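Asker: Listed below are the residues making up each chain.
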Amino acid sequence: MKKKRDYTAFNSNLIRRPIKRCVWLFLLPTFAAFCIGFLYPFAKGLFLSFCKYITTRNWQWVGIDNYIKAIKDPSFLHAFWYTALFAIVSLIFINLLAFMIAYALTQGIKGSNLFRTVFFMPNLIGGIVLGYIWSLIFDGILTKFGTSLLLETKYGFWGLIILMCWQQVGYMMIIYIAGLQSVPESLHEAAKIDGASKWQTLIHVTLPNMMPSITICTFLTLTNSFKLFDQNLALTDGRPFQMVNGQTIKTTEMLALNIVNSFNENLTNRGVGQAKAVIFFVLVAAIGLIQLRATRSKEVQQ
Amino acid sequence: MAKASTVRGEKVSKAILTVFFSLFSLVWVAPIFVVLMNSFKLNSFVSLETFKLPTAESFAGFANFIKGMTYGNYPFVKSILFSLLITIVSTALILFGTSMAAWYIARVGSRFSRIVYYLCVFSMVVPFQMVMFTLSRTADALHLNTPYTIPVVYLGFGAGLAIFMFVGFVKGLPLEIEEAAAIDGCGPIRTFFGVVLPMLKPTMISVGVLEIMWIWNDYLLPYLVLDVNKYKTIPIHIQYLKGSYGKVDMGATMALIMLSIVPVIVFYLLCQKHIIKGVAAGAVKG
Chain A
389 MKKKRDYTAF
399 NSNLIRRPIK
409 RCVWLFLLPT
419 FAAFCIGFLY
429 PFAKGLFLSF
439 CKYITTRNWQ
449 WVGIDNYIKA
459 IKDPSFLHAF
469 WYTALFAIVS
479 LIFINLLAFM
489 IAYALTQGIK
499 GSNLFRTVFF
509 MPNLIGGIVL
519 GYIWSLIFDG
529 ILTKFGTSLL
539 LETKYGFWGL
549 IILMCWQQVG
559 YMMIIYIAGL
569 QSVPESLHEA
579 AKIDGASKWQ
589 TLIHVTLPNM
599 MPSITICTFL
609 TLTNSFKLFD
619 QNLALTDGRP
629 FQMVNGQTIK
639 TTEMLALNIV
649 NSFNENLTNR
659 GVGQAKAVIF
669 FVLVAAIGLI
679 QLRATRSKEV
689 QQ
Chain B
51 MAKASTVRGE
61 KVSKAILTVF
71 FSLFSLVWVA
81 PIFVVLMNSF
91 KLNSFVSLET
101 FKLPTAESFA
111 GFANFIKGMT
121 YGNYPFVKSI
131 LFSLLITIVS
141 TALILFGTSM
151 AAWYIARVGS
161 RFSRIVYYLC
171 VFSMVVPFQM
181 VMFTLSRTAD
191 ALHLNTPYTI
201 PVVYLGFGAG
211 LAIFMFVGFV
221 KGLPLEIEEA
231 AAIDGCGPIR
241 TFFGVVLPML
251 KPTMISVGVL
261 EIMWIWNDYL
271 LPYLVLDVNK
281 YKTIPIHIQY
291 LKGSYGKVDM
301 GATMALIMLS
311 IVPVIVFYLL
321 CQKHIIKGVA
331 AGAVKG
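For the protein sequence lines, the chains are A and B, in the order given.
First residue of the first sequence: 389, per our numbering; consecutive thereafter.
First residue of the second sequence: 51, per our numbering; consecutive thereafter.
Bound-form chain B, shown alone (with noise of 0.2 Å):
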């Protein structure tokens, strides 16, 4: 009889503790929901009714996006576009140019490799505000300063994490089976993008998933190296609208922090589980 009574209760805890989650789950998700609903808002009604749905006199409909496209003189699609461009294609060529490094590193072991591990595993504790003056300097003199170019200094700033993450990962490889390559008669490049490179998928998610979250929502590092009147990015555009002067129109504000934050929701819904996996991954290890 005692038995059955705790396992009712535990059952009956339970049901709490989901109602419970349940009513914090949608607090936790209430602050995006105002944004969306202010951004439905004419503008003088955002900052006087924060909390209350539009209504039939503050509804602007669409206008809030519509106005946001060209808001602060600048196409808002232009800066998505450049935040696409440079967090694709900052990401493949980190992917690549780290895990093949990774390779070299943990496959020859001479003094230079190991010198190279360990000013990357140093570089993982150097904050950005340490080298950015002199890396936008060095950028700027380099013609590094352009959305098509800047991959590289990404490249090279977001270098050791990956590196380090790779070389872990290649050093529990079995070597046999680049052997067998190798008697085979493959080549150095073959076997690592035939025999190896398919065998770091794991890691290449984990890597992966960690630059783009990092790359999509920078804003120091592009703000200081690009050319911020020519070219924008998404965090860039924003900090702009509302940072450089005093009459800000909020319902616009509004309509673009949402169009932001609709692509990452798409994009973690759609592989939320490999992001979970990678920031895990990348937590244990950095």
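One chain only, chain A, in its complex shape (with noise of 0.2 Å):
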């Protein structure tokens, strides 16, 4: 790891003064787009959320009416509540599948950099693309029992988590397999001296040592899951819609699906749709924040 250096203390005015005079060329460009495509958004956007409005610039202030609406929206609070399901079943399936074939993997089988390769694969192919070849398959199996994937919530579920297991366990392998092979050898011989059974080695001083690893998968499956926009479009977009008194509810509609909706729908006032991008974006902030003082306070047990 790199070692921390206090910035000022260690730049020699030697460096630092005609690079300084270079501001123009190195900072500001960057620092214009960085404007353009996010601060200037960001700030607006949490502006108008407090605000109705069709157009960005015809807005008339409400205060926290937007926030209001949108927590008693029946189809947000349906979004949240399957996306945290959604959030919570995948990170189970996932990190567990991800951990037991990088485990298979390090123990020095023949091909292993072949399945290392194959298994990763998917991770290269879009969110859009991906839903379109499992709605394919997924139709195909489920044609023969005469029904679809659009016609029940419970497939839809389970068809996504399926999914993002086959996109993303690949991605964690390759996690975990640096965290396995991170733990000293050593550790693993003085367990072996000790009379460790393969099983105590692995609970007792494999895990403990990539707390790291588990932590960054934990969280990386936990934020895709939250954020995940494409392939929910792409392989059911919200169907089955379900009626619940007298309101459309897209029952497989996630979060981030339903404010982008919301945007599209909801013509007469666009600041709810905004209110819940704000709402959205505290929600995985302090997911990201919670995560930076799990991999701090590990840091420093270690």
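Calculated directly from the structure, the hints in this document are not laboratory data.
Bear in mind that the values here come from a model prediction, so they are computed numbers and not experimental data.
Hints should not be assumed to be uniformly reliable.
The list that follows gives simulated cross-link-like pairs (lysine-lysine, DSSO-like), each with its CA atoms no further than 30 Å apart [as the list claims (entries may be wrong)]:
| hint | chain 1 | residue 1 | chain 2 | residue 2 |
| --- | --- | --- | --- | --- |
| 1 | A | Lys580 | B | Lys61 |
| 2 | A | Lys586 | B | Lys61 |
| 3 | B | Lys280 | B | Lys292 |
| 4 | B | Lys117 | B | Lys280 |
| 5 | A | Lys615 | B | Lys292 |
FRET-style restraints, in silico, Cβ to Cβ [stated by the list, open to error]:
| hint | chain 1 | residue 1 | chain 2 | residue 2 | range |
| --- | --- | --- | --- | --- | --- |
| 6 | B | Ala65 | A | Trp469 | 44 to 52 Å |
| 7 | A | Arg409 | B | Pro224 | 21 to 29 Å |
| 8 | B | Thr196 | A | Pro572 | 53 to 61 Å |
Every residue gets a Cβ at the ideal spot worked out from N, C-alpha and C, and that includes glycine.
Work from the hints to combine the two standalone chains into their complex.
Answerer: This is the structure:
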């Protein structure tokens, strides 16, 4: 790991001053793009979440009204619980599978490089294409039973779980393999000499020593599931729909898709969609912050 | 004796594992094989006999691929070219723009540069939905809504992670090399391009891989920013085919999905090592 050094103490003026004079070349162009692509839209978005608006120029301040509407919106609440459930289930499946594969592939079996290549491959395929590949397969199976992916919520749910496993197991496997390889060989040998079985070595020696990779993978799968959009759109697009108290609920719609849809569907006030987006951002950022603390505290322990 | 038998036992269990993983790998690539199979079938057979190999009756030859080229009233070749253009230009722009900015941030350490750095780190946790509506309007107003100008949007929205990774790397570089260059009379521009940039190569590859994978597969950002009637990328094209109307030519769609997977797989097999390394580096840091 790289050593942490204090910037100012370690940078001499010999280098610092001439670079500083070239700020227009080095920093400002990227910073300008950063303002256009992130800072301004973020600030404006935050502001507009407190307004009633259709176009960004024509707004009317309404305070926290949009937020109240957002959290009372049954489709938003449904999407939240659906996403949370999906995130937990996919977290368990992806990580268990990825860890088992990574563990087996580090036992020195023949062809493990080839297997690694194969398992990682789906990661490079984009979400939209992935969604259509799997909808072909699921529908191919389900038509044999006279039904379809778009007819039942549970098919959509488990279909998306299978899809996400296929896509993400390879990615997490790579991180787990790196973690497994970083456990010192001497620890394994010491455990062997002490008469520990393979299972005991795994539980008491290997796992505690790869906590950093486990934390990374857990949070990665968690945020990936929360931010999931393309796959959700391509696989089911929220179908099947259900009428609850006169309002249509898209039963397989996740948070990100719900937000995009509320921008498109609510044409009298886009502020509600923007308020949902802010709530979404706070959720995702909170997960990120917890992750940061978790990795930090683990680092101190080691 | 006991020892010899455990060694043999281990060998056998390893052989079993190899066989198991060989079968498992076949299952793993099966979805792509199913798409390949169906891209050669006549439309009406795709949903009826999804898992059967094309027979004399259902075989369509390359008809699906030929039809797919113009299917959806938009030439697929154009989508491929726009996807390539956007991915290559945006990645190049991000690599140069953010590595220069990161060098400035790491070496100058003024209050302004520190604020920029923390804003970049902050932007990494912000999901796209938060900024999407205002971003697409801003891009429209500034005429960044064409494939030729959208790289600026990508640079802006993607700067966070790239700057974060580059700053981390530059901080670990020995300062003496740059000092020596300065003493030898190099200005900051020559120092950066002649001395620092070559040293940044490993991080360049990691960041480049991450950006290429993101931009090539990105759907929502170009969909919202570009004028999609005029300009489509591959994900937009495929979503448009399947999403917009009831009767879909499944054969042609499968052919197009196959065509969009092939370049990705070729790219993956060519630079597999870099991709896996880049992904691991990005995950550990991000």
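Asker: Against each hint, give a clear statement of whether it holds in the structure.
Answerer: Quick rundown of the hints versus the structure:
1. A:Lys580 x B:Lys61: With a Cα-Cα distance of about 18 Å, the restraint between Lys580 of chain A and Lys61 of chain B holds, given a limit of 30 Å.
2. A:Lys586 x B:Lys61: holds, 16 Å
3. B:Lys280 x B:Lys292: holds, 18 Å
4. B:Lys117 x B:Lys280: It holds: about 20 Å lies between the C-alpha atoms, which stays within 30 Å.
5. A:Lys615 x B:Lys292: holds, 23 Å
6. B:Ala65 x A:Trp469: 44 to 52 Å: holds, 47 Å
7. A:Arg409 x B:Pro224: 21 to 29 Å: holds, 23 Å
8. B:Thr196 x A:Pro572: 53 to 61 Å: At 54 Å between Cβs, range holds.
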